[in-house]
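> In order, the protein sequence lines correspond to chains A and B. Quick note: full-length UniProt numbering has the first sequence finishing at residue 516, numbered continuously throughout. Quick note: full-length UniProt numbering has the second sequence finishing at residue 516, numbered continuously throughout.
Hints are computed from structural coordinates only; laboratory data are not their basis. Bear in mind the structure is a predicted one, so any value in this text is a computation, not a measurement. Just to be clear, a hint being listed does not mean it is correct.
Since the list gives no way to pick one copy over another, a pair counts as held whenever it fits inside one copy or between any two copies.
[Said to hold, decoys possible] Simulated pairs of lysine-lysine, DSS-like, Cα-Cα distance not exceeding 25 Å:
{"no.": "1", "residue 1": "421", "residue 2": "403"}
{"no.": "2", "residue 1": "79", "residue 2": "309"}
{"no.": "3", "residue 1": "153", "residue 2": "135"}
{"no.": "4", "residue 1": "353", "residue 2": "392"}
{"no.": "5", "residue 1": "53", "residue 2": "421"}
{"no.": "6", "residue 1": "353", "residue 2": "53"}
{"no.": "7", "residue 1": "353", "residue 2": "79"}
{"no.": "8", "residue 1": "392", "residue 2": "153"}
{"no.": "9", "residue 1": "153", "residue 2": "256"}
{"no.": "10", "residue 1": "392", "residue 2": "403"}
{"no.": "11", "residue 1": "343", "residue 2": "79"}
{"no.": "12", "residue 1": "79", "residue 2": "34"}
Protein chains: 2
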Amino acid sequence: MTHPVYAYDTTLRDGAQAQGISFSVDDKLKIVRKLDELGITYIEAGNPGSNPKDLEFFERVRELTLRHARIIAFGSTCKVGAEPAEDRQLESLLSAGTPAVAIFGKTWDYQVTAILRTTLEENLRIIRATLAWLKAQGREVVFDAEHFFDGYKANPDYALQALAAATEGGADSLVLCDTNGGSFPDEIFEITRAVVSRFPGVAVGIHCHNDCELAVANSVRAVQAGASQVQGTINGIGERCGNANLCAIIPNLQLKLGFPVIPAAAMPHLTPVARFVSEVANVEHNDKAAYVGADAFAHKGGMHIDAVKKNPVSYEHVPPESVGNARRVLMSEVAGRSTILGKINDIDPALTKDSPETHAIIERLKELEHEGYQFESAESSFELLVRKMLGKFTPSFELKEFKVIVNEPSVNGVNSSAMIKIRVDGEDEITAAEGDGPVNALDRALERFYPQLREMRLTDYKVRVLDSDKASAARVRVLIESADAQNSWSTIGVSSDVIDASWRALVDAIEYKLAT
Amino acid sequence: MTHPVYAYDTTLRDGAQAQGISFSVDDKLKIVRKLDELGITYIEAGNPGSNPKDLEFFERVRELTLRHARIIAFGSTCKVGAEPAEDRQLESLLSAGTPAVAIFGKTWDYQVTAILRTTLEENLRIIRATLAWLKAQGREVVFDAEHFFDGYKANPDYALQALAAATEGGADSLVLCDTNGGSFPDEIFEITRAVVSRFPGVAVGIHCHNDCELAVANSVRAVQAGASQVQGTINGIGERCGNANLCAIIPNLQLKLGFPVIPAAAMPHLTPVARFVSEVANVEHNDKAAYVGADAFAHKGGMHIDAVKKNPVSYEHVPPESVGNARRVLMSEVAGRSTILGKINDIDPALTKDSPETHAIIERLKELEHEGYQFESAESSFELLVRKMLGKFTPSFELKEFKVIVNEPSVNGVNSSAMIKIRVDGEDEITAAEGDGPVNALDRALERFYPQLREMRLTDYKVRVLDSDKASAARVRVLIESADAQNSWSTIGVSSDVIDASWRALVDAIEYKLAT
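Please construct the entire structure, taking both the sequences and the accompanying hints into account.
Here it is in C-alpha cells:
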C-alpha cells in the first residue's frame, strides 16, 4: 500500500543552521532552481522574522518561474499573552509574500512550562490564534510540532491537544518533529500511525534529525505509517548530526518502496543536485553517502569485482544510473591484479596479467603507494603513470628546475614569483611569472608556453599531512581537481614540501589537459 | 524485553575494504587494544587465506593480553567439489591460531547458480562440511550468511536450508548479512524474527551495510527481533557506503534501549576510540557523526543555545559525557551576540552585550568572516583575536618580514629556506633557517627564538580553496591543529597565498602555545 508523498526541503532554513554553512542570496536562488528541477514540492527557504537579510531572497525568488516547488517562509507562534496581529515576527513572515508558511509551536508540556514559561492553555491559544490569523491572510499553513515525539512519550494527551489546536486554527498539515533526534523507528511508526488515524482530514508530515543515525529510517517508517509529507535536507546537512537526508529518503521511498515522491524523469538529477549543494555550501561531498556518494557504487576487492561484472545485482541494490551516479572500480593492494589490469587494458588491450609491463606497473604502484600516493582518488595521475610506463605518452615538457620566492609583506603588490626551466622539444626554455601565491606563480609561468591552460580551472585543492608526528616537516599529499568546460580530472602529488607536492599534482593536471 | 548483545567488530577486516583505508600490522594491533578496552566481544581482524600478510598480525596479536575480546579470523567455505581438509584457504585460516573463525557462505539460490556456478545441493554440502571440519579442529565457528535477506526474499526455503546446513555442521552463531545494504527495517525485523524462532538453540547475528542509510536502524531492529550478536565497524567504515556503525549502534542499544552490550564503565571510551580509529586510518573524523562527532552536541542559533542552557534535555538526547563527548557552543552570524558574549566573558567577565568592546569584536569578526575566516573550527585563533582586541594579550613577537625560497631540485639537499625578521621587545631580530618545505623552514626559523616550540606537533594541516573559479589564484583557508603533551588547539589563516595563509595559522598556533 503506497500513497503519494510530498518532499519538503529545508536545506536553506534548517540546513543552514549547520556549523560552517552560510548561503548568500545568490546561493539560495541557485539551489531553489535545482530543487525545483528535482521535483521537490515544498522549499522552506528562510526565517524572515529572525533574519531580515532573508527578505531580499524572498523578493528575488518571486521572479523565478518554478515548475514544481512552492516556497515556504518559516516562523513561530506569536508571543505569549499577545495577539498574532501585533506580532512583528509574523508581520515579517507575511512580508516574505510566499504562498505557504510554516509555523513551529510547542507540543511537549515540559517545554511549554520550562522553556516558554507559560501555561499549557496559553500555548494552545497561541497555536490556534497564530494559525487562524495566517489562514485569514490566505496562506497555506504547515504546523511544525516541535519535540512532538518526546512530548507524546511524556504526555500523549497534551501533545495531541496541541495538534488539535493547530487543526482548529486551520492547519493544512501537521508535521511531527523529532527535534532532538532521539527517537527510534518503532516508536516513530506507532506514534505517526496514531496521529494519522486521529486527524484523518489533515496531511501529516515527518521531520527527523540524525542524532542516533536513524533519521532516514525514521522518516521512511513514518511514511509507511501514513505520513504524506517528508521533510529533510540535501545531503542531510543540518545542526549537530544533521537533518534527515532527502538524498537517501527519496530513492528509498520511490525506487525501493514504490511511493511516488518526485517525477520519475527527475530521479537521475539526484546525484548532480547533491554534488551541487555540497559545492555551493563549500563542504566536501560525502563520498560514502548512500546513492549520491562517489563511493556508493565503487567496488574494491578482487572477488566482489568479478561478481559485480558477472551481474551487478550481486552487489548493487539499485542501478547507479537510476540516481545519476556511476559504477567505479577501484585500485588497491586488495583489488589485485585484475582491477589494475582492467585499467591497463583501457590503454593497451593487448597486455595480460603476465606481461612484463603489467608487473612493472604493479611494482611501481606499490613503491608510490609506500611513498604516500593514493591513486583511488587520482585516476588521471594513474592513467598518466601507465601511459608513461607503456611509452604511450610523450610529456609536453620536462621540468629541469624551478625556484619560487614568497615575500611577506608583498613587494610592489606581488607576493610570489616563480622561475621555471623546462625542456620542450629538446630545447631548454626558461621563463618566469608573478602570481597570487606560489602555486599560481608556477601555473602562470607554464601558461606562457601553453595558452590553452587558461580555460582550465582548479576546482578543488586538498592537502593532507601523512605523518603528523613530524610537525611542519611532515610529508604532505596534495590532491587537485581540475576542470574545463567539458571535463574534470583529479591528480596527486606527494612531497615533504607543500609547494613541491602541489607542483607535482599541477604538472599532472596540466599534462592530462594537454594530452586529452 | 532486552537480552545481552555481543558486539562484533569487523573494522580490521570488512572495514579495511573501504576506499583509501589500509592498516599496517602495527595499526591493527593498536586498534585491537582500543577495541578491547571498549569491551568489544569479538574482533574479526583479517582474512589470512586471501592476504598472507595478515599472518604476521595473527602471530603478534597472540602476545597481547585481552580482557574482553576474542580474535576472529575470516574465511570462506571450501571449494566446490572438494573437501575442507584439502583446502589451502582453510589451512591458512587455521594457521592464524585464533580461538574462533568466521566462515561466509552463500544462501541466495541465484548467487549459488550464477556466481558460485554449482548446484544448490553442493552449496549446502560445502557449508555443512566446512563448518563440521572447523568444529572438529576445536574452533568456535561463526557462519556469515552472505546475501541472506536478498536470498530469503527470493527463496525463503533455500535460505533457511543453508542456515540449517550450517547448524548441522555445528555453527555456534548464524549471522544474517544484508550484503548489498538494500533491505529495510521492517523486512529485517520480520526475517530476523523468523530465523530466531526457527533456530532456537543458536545465537543469531546481524551484519548490515549502509547503502540505503539504514544500517544502524536495521541492526537495531534485528536486535529487537531477537538477534544477540551485532556486527559493524568503528565509524561505519567499509566498502561503498560503509558497514553498520558500531559507534551509533552500541549507545543506541545500551543507553537508549537498555540492551547490555559493553561494560557500562567503558561507554565514555566510545568517542576517544572513534577518533583514534579515524586518526590511524588517516581519514577525517566525521564531525556530524551521531554520538562521537565533534558537532554531535554542538549548538548554534541563539534560541537553541538559550534553551540548551536552561535545560540540556531540550536539545540533547543523551548527556554528551556519557559517550565521552562534550557540548560545544558555536559562533556565527546566526548564533548572535549572546554566544559570542559567552566566549568574550570567558576572558573578561565584566563586559556586557552593550560594551563598546563587544561591538568592536563583533564587527571585526564579521569582516574576517567576509574574508573567509571561520572561527567555528579555530577556537584558539578566536580567543587570541578577542584577547588582542581587549588588550589582554601581548604578542611574543611582531612579524616585520619574511622571504621563503623553494628550489626544485633541492640545492645541497635542501629544498626550502626562510628568512624572517621579527620585532621582539622593541628590537628587530633577523634569522633564517632551512627546512623540509617552506612551512617547516618558517617554523624552524621561529624555533631559534623559542626553543620550547620543539615540543609542539602539527597534528593536522588542512587547506581548502574558497573561490574555486579563480584557479590557482584562489583564496585558500588553512586550518592547523597543534598539540603538545597536554593540549591540542586549532588555528586558522586565510590568504590568496598558501604559504602566507599557513604562516598566519602557524603564528597563531605558536602565539597560543607561548601564551598558555
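> Take the hints in turn and mark each one as holding or not.
Hints and how they fare:
Taking identical chains as interchangeable, the C-alpha atoms of residue 421 and residue 403 lie at most 25 Å apart whether they share a chain (9 Å) or sit on different chains (22 Å). When the C-alpha separation of residue 79 and residue 309 is checked against a cutoff of 25 Å, the pair qualifies only between copies, where the shortest distance is 21 Å, while the shortest distance within a copy is 62 Å. In the homo-oligomer, the alpha carbons of residue 153 and residue 135 never lie at most 25 Å apart, since the shortest distance is 30 Å inside one protomer and 48 Å across protomers. Taking CA atoms no more than 25 Å apart as the test, residue 353 paired with residue 392 passes inside one copy only; the shortest distance there is 18 Å, against 67 Å between copies.
Taking CA atoms no more than 25 Å apart as the test, residue 53 paired with residue 421 passes in neither setting, with 52 Å inside one copy and 44 Å between copies. With identical chains, the CA atoms of residue 353 and residue 53 are at most 25 Å apart between copies only, with a shortest distance of 22 Å across copies and 62 Å within one. Only between protomers do residue 353 and residue 79 lie at most 25 Å apart by alpha-carbon distance; the minimum there is 24 Å, versus 74 Å within a single protomer. For the identical chains of this complex, residue 392 and residue 153 are neighbours neither inside a copy (68 Å) nor across copies (50 Å), given an alpha-carbon limit of 25 Å.
Proximity of residue 153 to residue 256 under the C-alpha cut-off of 25 Å is restricted to the inter-copy arrangement: shortest distance 14 Å between copies versus 31 Å within a copy. When the C-alpha separation of residue 392 and residue 403 is checked against a cutoff of 25 Å, the pair qualifies neither within a copy, at 30 Å, nor between copies, at 41 Å. Taking identical chains as interchangeable, the C-alpha atoms of residue 343 and residue 79 are never at most 25 Å apart, the minima being 65 Å within one chain and 29 Å between chains. Proximity of residue 79 to residue 34 under the C-alpha cut-off of 25 Å is found in neither arrangement, the shortest distances being 36 Å within a copy and 52 Å between copies.
Of the numbered hints listed earlier, those contradicted by the structure are 3, 5, 8, 10, 11, 12.
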